[in-house]
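Asker: Sequence:
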Amino acid sequence: MKPTLLIAGLGNPVLADFVAHAQGRYRLVVVSTSRLCREVKRYAETYPANTFARDGFRSAYQGEVFSLVVFLGRRLTTTEQNLLDTLAEIARQQPAIRVGVISTFRVHCGDGAAARVEAYLRNRLQSIGVKALLFRPGHVLSGRSRVRQWLRSLAFCHPLVPERFQSCFLTGDELFCVLERELEDPKPRPSRTFTLLGRNRSWKAILRENQNRSLGQRVLTAAAMVLSLLQVGRVLGLFFDLLARVVPRLRAWNFDTLIPRGPR
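Residue numbering for the sequence shown follows our numbering, starting at 4 and increasing by one per position.
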């Protein structure tokens, strides 16, 4: 019988990519938004978060869940908080469960909203004695990720982006393989934090790689090239630098060095 893997989260489309990656090796149970549940229902048993009940889940899967993977949202809403509370109680009732939490490296860059979501679940689990592995990935380039969607939409802008603008990227498979390896390790593990930045690359190169060859994209790219000759990209880059000084979380979009506190 396949081990049962509970995957939960609100609004992070990388969840659906992880479900597709893990299907076939586990019995998958997904708790998420109605939209994401529809996307993964061919791979998993799904429960919309707004109707998910802890007691009903416990009676259906008591003792079967070997791992719980939580994809954190971007901010701590009431719905997010209720789901995290329910998941913490499920973990408490199954002492042998392995818990993996997917956060974001933006916590290192001053993103207060992301830090609050992460801290809420971490404190909740610690208060009931549940150990967890916390992952802070860089920009995730999986099929459905928000970053991938933005790149496809804005690829025509690459002529305007200064070469010096860089950040860290890793593929969905890179993240998922590390996550699975850590969760499947049979040795007892303390709570730890892993910062998985991935490769440092320029936004210009990443945007160019995501450009399609449609007529509309080619016309927009040509217009962006004209604007770049007029130094518009350079001016916008300088404005971004100034803005990042007063909005710390913007540092996640342009850096070449990060000294995190993890893994620990």
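What the hints contain is simulated information worked out from the structure, not anything from laboratory work.
Keep in mind that this is a model prediction, so the values were computed, not measured.
Honestly, I wouldn't trust all of these hints.
[To be verified] Each computed BS3-like pair below joins lysine-lysine, with the alpha-carbon atoms no more than 25 Å apart: (1) K44 <-> K5; (2) K5 <-> K190; (3) K44 <-> K134; (4) K5 <-> K134.
Asker: None of the hints should be skipped; say for each whether it holds.
Answerer: Results for each hint:
1. K44 <-> K5: At roughly 18 Å apart (the allowed maximum being 25 Å), K5 and K44 satisfy the hint.
2. K5 <-> K190: holds (20 Å)
3. K44 <-> K134: Violated, at about 29 Å.
4. K5 <-> K134: holds (23 Å)
In summary, the structure is inconsistent with hint 3 from the numbered list given earlier, while agreeing with all the others.
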